[in-house]
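Residue numbers (my numbering), protein chains in the order written: chain A, 2 to 262; chain B, 127 to 381; chain C, 23 to 323; chain D, 113 to 393; chain E, 113 to 393.
It is worth saying that the hints were derived from the structure and are not from the lab.
Just to be clear, a hint being listed does not mean it is correct.
Said to hold, decoys possible - Once the Cα atoms are required to be at most 20 Å apart in a straight line, the calculated EDC-like pairs of lysine to aspartate or glutamate come out as: (1) D:LYS267 <-> A:GLU149; (2) C:LYS256 <-> A:GLU149; (3) C:LYS161 <-> C:GLU301; (4) E:LYS338 <-> E:ASP369; (5) C:LYS314 <-> C:GLU252; (6) E:LYS320 <-> E:ASP159; (7) A:LYS151 <-> B:ASP348; (8) B:LYS278 <-> D:GLU380.
Claimed, not checked - Here are some chain B residues pointing at chain C (derived, C-beta under 7 Å): (9) PHE156; (10) PRO160; (11) LEU163; (12) PRO167; (13) GLN176; (14) GLN177; (15) THR330; (16) THR339; (17) ALA340.
To be verified - Calculated Cβ distances over 12 Å to all of chain C for the following chain A residues: (18) LEU21; (19) ARG202; (20) SER251.
Model, not experiment: these values are computed from the prediction.
The beta carbon of each residue, even a glycine, is placed where N, CA and C say it ideally should be.
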Amino acid sequence: MMSPTTLIRRIAPALACIGLLAIWQVASLVLKNDSFPTAIEAIKAIPDILSDRESLINILASLRRMAMGFGAAVLFSIPLGLLMGRSRAVAAFFNPLLMVIYPVPKAALMPIIMLWLGVGDVTKTLVIFLGVSLPVIYHSFEGAKGVEEKMLWSGAAMGLSPLQRLVRIVLPAALPEILTGCRTGLVLALITMITSEMIARQSGAGNILFNALDMGQYDTVFAMIIVVGAMGICLDAIFERIRARLVRWSEPQFDMPLSFS
Amino acid sequence: MILRLISANVILGLAPIALVIASWQGLVSFGFAPAALLPPPGHVFGRLLQQLVTWTFQLEIAATLIRLFAGFAIAVVLGVSIGIAAAASPAINAAVRPIVRVLAPLPKVALYPALLLLLGFGHGSKVTLVAADALFPILLSTYYGASTVEQKLIWSAMAAGTPRYEILFKVVLPAAMPSILTGCRIGLVISCIVVFLAEMITSTDGLGHALVTAARTFQAVDMFVPLITISLLGLILNALLGAVRSYLLRGFPEA
Amino acid sequence: QQTIRVGWTIPAEESKYWMMRRPAEFPDLGKTYNIEWTQFQGTAPMTQALAAGALDCATQAPLSLSNGVVGGNLKAYIVAQHVFEKPGGFSVYWAVMDDSPIKTIADLKGKTVGISVIGGGTQGPFNLLLKQNGVDPTKDIKLVEVGFAVSEDALRQGRVDAVNMNQPFAARAEAKGGTRKLFSLSQAMPNIVHILEACRADFVDKNPELVKAYVRDITSGMKKALANREETLKVVSEVLKAPVPVLETYLLKENDFGRDPGAAPNFPAIQKMLDIYAETGMLPKLDVAQFKHPTIVAPLQ
Amino acid sequence: MKVVPSRSSEWVRPVTPQKPASAIIEIDGVSQVFQTSAHKDHVALSDISLTIDEGAFVSILGPSGCGKSTLLYIVGGFVRPTSGVAKIKGAAIIAPGPDRGPVFQEFALFPWKTVLGNVMYGPRQQGVRAAEADAQSRSLIEMVGLKGYENFYPKELSGGMKQRVALARTLAYHPEVLLMDEPFGALDAHTRTRLQNDLLNIWERDRKTVLFVTHSVDEAVFLSDKVVMMSKSPGRIRHVIDIDLPRPRRRNELLLDPRYQKYVVDIERMFDESDGAGFPA
Amino acid sequence: MKVVPSRSSEWVRPVTPQKPASAIIEIDGVSQVFQTSAHKDHVALSDISLTIDEGAFVSILGPSGCGKSTLLYIVGGFVRPTSGVAKIKGAAIIAPGPDRGPVFQEFALFPWKTVLGNVMYGPRQQGVRAAEADAQSRSLIEMVGLKGYENFYPKELSGGMKQRVALARTLAYHPEVLLMDEPFGALDAHTRTRLQNDLLNIWERDRKTVLFVTHSVDEAVFLSDKVVMMSKSPGRIRHVIDIDLPRPRRRNELLLDPRYQKYVVDIERMFDESDGAGFPA
Ligand SMILES: Nc1ncnc2c1ncn2[C@@H]1O[C@H](COP(=O)(O)OP(=O)(O)OP(=O)(O)O)[C@@H](O)[C@H]1O
Ligand SMILES: Nc1ncnc2c1ncn2[C@@H]1O[C@H](COP(=O)(O)OP(=O)(O)OP(=O)(O)O)[C@@H](O)[C@H]1O
Ligand SMILES: [Mg+2]
Ligand SMILES: [Mg+2]
């Protein structure tokens with residue numbers, strides 16, 4: 002037997018999606034705007050995309066790039082963020098550099114990037130990498146900063162070297178916060194996966210979307226948006242599983258009591 | 127003592143930037159990049175100084191900044207309030223969580239044409255795009271921070287007779303502040319990127335537009351001036367945010 | 023086996039679409055040489071890619087190519103031509119709403135006008151026409167960038183008072199009705215060349231045979247495209263992911279752009295355009311001869 | 113585990129919940145079961161019944177981990193018991209309120225507020241004007257011996273200092289019932305004695321009800337009207353002992369009082385005898 | 113503030129740093145000044161000199177906030193003193209090391225590890241094989257009375273239980289010097305007594321050096337060879353008292369020993385007399 006609240010919790014995602022689609026449908030009917038098709042039109046266009054072999058290959062190619070960019074970013078950013086969080090000097094060294102690099106839109110740097118990396122996978126993966134690494138670095142940074150000093154002292158007293166402390170104490174202690182960064186990173190990975198294909202396209206989900214946009218086929222554009230949204234839900238659900246497993250120890254003991262009564 | 131520490135840190139921070147500029151110069155000098163695509167840094171900074179004092183360029187910067195701040199401010203207000211509400215109330219959480227899951231990963235640029243038609247070619251569409259993109263990192267960080275607030279802090283405040291909704295402002299908000307500010311930092315960077323991108327796609331003013339016009343006619347130096355400007359803006363805004371941060375978090379152990 | 027890196031865009035390069043989609047129809051393609059296709063949004067980024075050496079050949083517009091030459095140290099040859107404005111065929115035009123008070127170009131004074139790319143290829147003739155009618159394009163109108171895809175909507179929503187129209191969007195808008203043509207580019211000059219094929223000079227000089235094979239295939243691709251409209255519709259539909267019935271309304275019909283059967287570049291027309299750009303201050307004076315390769319130019323058999 | 117019958121001494125009476133007219137807090141059959149991360153049930157409190165009279169000073173003694181803090185959370189309204197009810201003035205406790213002021217074992221100071229800010233929080237929340245709250249808070253801070261530390265942040269305080277701030281913060285808003293979880297645990301003997309006296313003074317003056325968790329038998333006997341002894345695994349009430357010593361109590365007088373000595377020795381012996389200590393031999 | 117001359121009793125000697133051959137820890141003129149958030153300097157320790165012999169059990173007593181924890185941090189190598197040096201075996205202490213095992217006042221358990229995981233952490237780090245470390249840790253956990261809680265996470269433990277895990281975690285890797293900051297502060301009298309005995313047993317068996325912060329005069333006298341009394345504002349050493357009681361000590365024997373009584377009473381009196389308590393009258 003499921004209690005009503007768990008039942009609601011279970012079906013809440015479906016309800017929310019349906020709600021969103023309904024709002025969309027109404028809004029598009031009210032606004033009457035060709036570049037903003039109704040939800041139903043968009044949904045009708047989905048099968049066309051998903052039944053096309055080539056589209057599927059495109060989407061898979063994009064996902065592969067995303068996975069690579071995301072993986073590389075996580076592997077690179079967590080150590081950097083942790084180091085920055087634990088060493089003032091490292092933070093002082095990298096912080097201004099990152100803050101100079103990140104605000105520049107990669108699209109604007111395309112001519113230069115093309116010069117060295119061409120227009121292929123490497124460039125797009127790099128863009129995804131940059132998008133993901135931003136939140137992961139900063140959440141790792143702040144997470145590492147917030148680690149209780151005495152825990153590190155305990156570790157040091159047990160004979161852990163600074164590196165070991167970083168890996169075996171700072172990393173797990175900051176993990177909840179790091180994972181928040183990874184979650185934001187996942188969101189940005191999907192976004193940059195699409196936008197990295199805005200200017201130069203070979204094969205990919207963004208290719209489908211921006212082509213449709215250029216051609217003014219807005220039902221396909223929005224169908225693609227729905228597909229990306231669905232990917233978002235799936236990836237997020239998988240991520241949530243992993244997260245819950247990794248940081249079970251940090252879950253609050255009691256529900257936030259503000260919701261009593 | 128503190129002054130010396132700060133200046134040491136500043137030097138440490140400037141070092142890699144100087145290194146980047148030096149290798150940039152190196153790339154140009156040793157012919158790894160044609161000057162038509164990558165002008166020498168000296169030219170770019172020279173032109174930047176020239177431009178900075180001109181009224182038209184200042185107007186471009188102002189246009190970009192207005193959009194940046196407006197979009198970022200909207201994102202902060204929405205992100206923080208929704209994030210805290212979702213952490214505090216299971217009902218809101220149940221509604222917000224799936225919506226965030228769906229909406230967060232959408233490529234918002236794809237909606238830009240629709241936004242243009244709905245909100246016009248002025249500030250509105252760009253501000254909305256900035257807000258939409260900067261919102262989710264802030265929201266997610268806030269939610270994380272708010273949902274891990276030490277229970278006994280809330281209990282203490284409740285026992286002191288704080289009404290529930292006030293607890294959100296008096297306890298949850300300040301206790302979640304470290305995370306919120308991390309989210310804001312990410313949101314700020316994204317705002318910089320998106321405002322620029324939006325101006326690149328369709329605009330009649332702003333730094334992004336300045337870049338596009340220069341790029342189309344291959345005026346490499348003029349193309350790099352807005353790029354460097356947005357870089358510097360990012361650096362300055364981030365430094366300001368850092369100052370706000372160390373003020374707000376002065377009581378926290380990690381500050 | 024050599025590879026040639028080609029940039030392309032949508033929507034009007036039928037010969038290249040044939041090469042992409044029906045490679046078996048081309049004897050050399052995939053056998054003596056390979057093509058690595060990369061799609062771009064617009065011609066300007068492709069010019070940058072050519073200048074950066076990231077592409078060997080690409081679709082170009084006369085203006086973007088010239089910009090690359092003037093500002094980007096690019097040296098390139100025009101090897102083929104995709105579409106142009108043939109007299110009587112489609113010409114990019116500015117539309118207003120039926121009930122708009124704007125009746126002549128002069129009426130545009132003080133209005134908001136949309137153009138697909140500010141500083142783009144259409145702006146030269148556009149500026150010229152405005153000037154001829156006593157409208158200063160920099161002072162008298164408010165110019166906003168409106169991509170072709172959203173032109174119709176922007177106009178209908180009243181975001182702009184006049185906006186440029188291109189195929190296939192023009193066909194769609196006309197089918198719906200409610201808009202009318204104010205003026206078209208052909209009024210500035212006939213035979214405007216919209217897009218052509220250009221290859222980097224150093225690449226051509228190094229691989230003349232390779233480029234020759236490529237240009238040969240473009241030529242034959244154009245032939246196939248014009249000869250077999252039904253198949254072309256399918257090919258274009260595959261590339262554009264646009265339904266055939268939509269394409270049916272204009273593609274390769276009277277209301278479409280013109281295509282040279284041999285894909286031959288119309289150098290005099292291009293020179294005329296360069297002159298207009300020079301006249302309107304968008305470019306210094308340029309001679310089209312520098313884009314001409316003595317032998318490698320469509321049509322090639 | 114059965115309840116051991118009380119020992120045959122006149123001041124130890126068996127656990128029989130009864131309800132005098134002046135009861136302010138009634139705990140009736142309260143149990144608390146926690147779900148551990150290993151998805152097992154862990155019984156922290158088992159069938160606790162206890163009545164606390166208005167104005168009484170009740171101490172809870174018990175082995176570490178027997179559920180003292182949990183019991184306090186339930187009375188505070190922070191945690192809902194798995195079964196049973198706790199009532200205040202006849203009404204079921206469902207939420208925290210300013211009538212019950214907790215001093216937590218972990219202090220739970222607001223890290224973003226200074227010492228003064230922490231102490232002033234309660235009065236300000238109760239609508240006391242700023243100037244007045246400031247003055248009151250400063251005198252409380254002085255009372256707990258932290259004059260000069262008003263503008264320190266919690267992270268800059270020692271353990272004992274934090275504990276004293278937590279104490280002052282709760283006293284500042286004058287709750288009717290004080291729920292104190294080892295409030296003097298981190299203090300040296302000297303400071304502790306002073307604060308015990310201060311607490312007794314406040315209590316005698318305002319006649320607050322105090323529920324006081326402590327590990328010191330001395331302290332419990334010295335301060336309380338009633339000592340509740342708990343045992344472990346699962347947490348149960350073992351004995352309830354009325355402390356029949358005259359008030360006002362002075363420490364140096366009391367130390368010489370043989371009755372005081374007897375209480376202390378007897379309670380200590382009970383501790384030792386209790387099989388409920390849950391401690392391996 | 114001048115150092116009060118020592119009282120005329122044979123076991124109180126003035127603070128004179130001296131260096132016997134067997135000194136393991138030497139603290140020499142150590143001061144610690146903190147920068148507060150208000151950008152003021154706060155002197156926590158002022159000119160502390162102290163020598164601890166190898167194998168000695170030294171307790172530190174002092175009013176809350178006098179710098180006991182800070183002193184421990186310095187010996188641990190966690191904090192560098194503002195001036196002066198602390199040495200271990202003649203070498204300046206510049207970093208923490210497995211020769212000095214701290215038990216922190218705030219426990220500082222690893223929240224992502226279970227009780228067993230926390231306790232096993234040290235031995236594993238020292239290269240003890242998993243099975244062996246597991247067995248050792250389990251027996252330590254049993255010693256501190258937490259059998260059955262091996263798989264609990266720290267957040268699921270009571271205050272006293274966390275403290276015992278922290279104790280077990282440090283004992284598990286056998287540091288030569290134990291730096292214990294009120295390690296029994298959150299424990300009930302019964303558990304505390306047992307653990308005191310266990311600690312004494314370990315100490316007598318392994319002849320560890322122990323630096324022990326406590327608030328209980330009883331405890332200090334019962335356990336120590338030497339009691340260091342500190343005073344506050346700024347933290348200074350007031351007295352160093354050698355406890356000349358026979359070993360092994362048994363609590364019930366000792367309680368009847370008049371010398372023990374005298375030590376306790378005298379130290380308590382010193383506390384009261386000390387103007388350094390920094391406490392308003
Ligand atoms: N969130 C939780 N999950 C599982 N068990 C818990 C949880 N919180 C507390 N417990 C268990 O409940 C029991 C009682 O805990 P409580 O904190 O009330 O003890 P206590 O009497 O206050 O002990 P101490 O004197 O050491 O503070 C302990 O055995 C503890 O392990
Ligand atoms: N980070 C800091 N900034 C400023 N002052 C500090 C800081 N840490 C400690 N202090 C001050 O140093 C003094 C000594 O602190 P310490 O924790 O060593 O005291 P203690 O003797 O351990 O007290 P307790 O018995 O209460 O634990 C205190 O007055 C405290 O306010
Ligand atoms: Mg407790
Ligand atoms: Mg301390």
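Please write out, lowest number first, the hints stated earlier that are contradicted by the structure. 2, 5, 6, 7, 8, 9, 12, 13, 14, 17, 19
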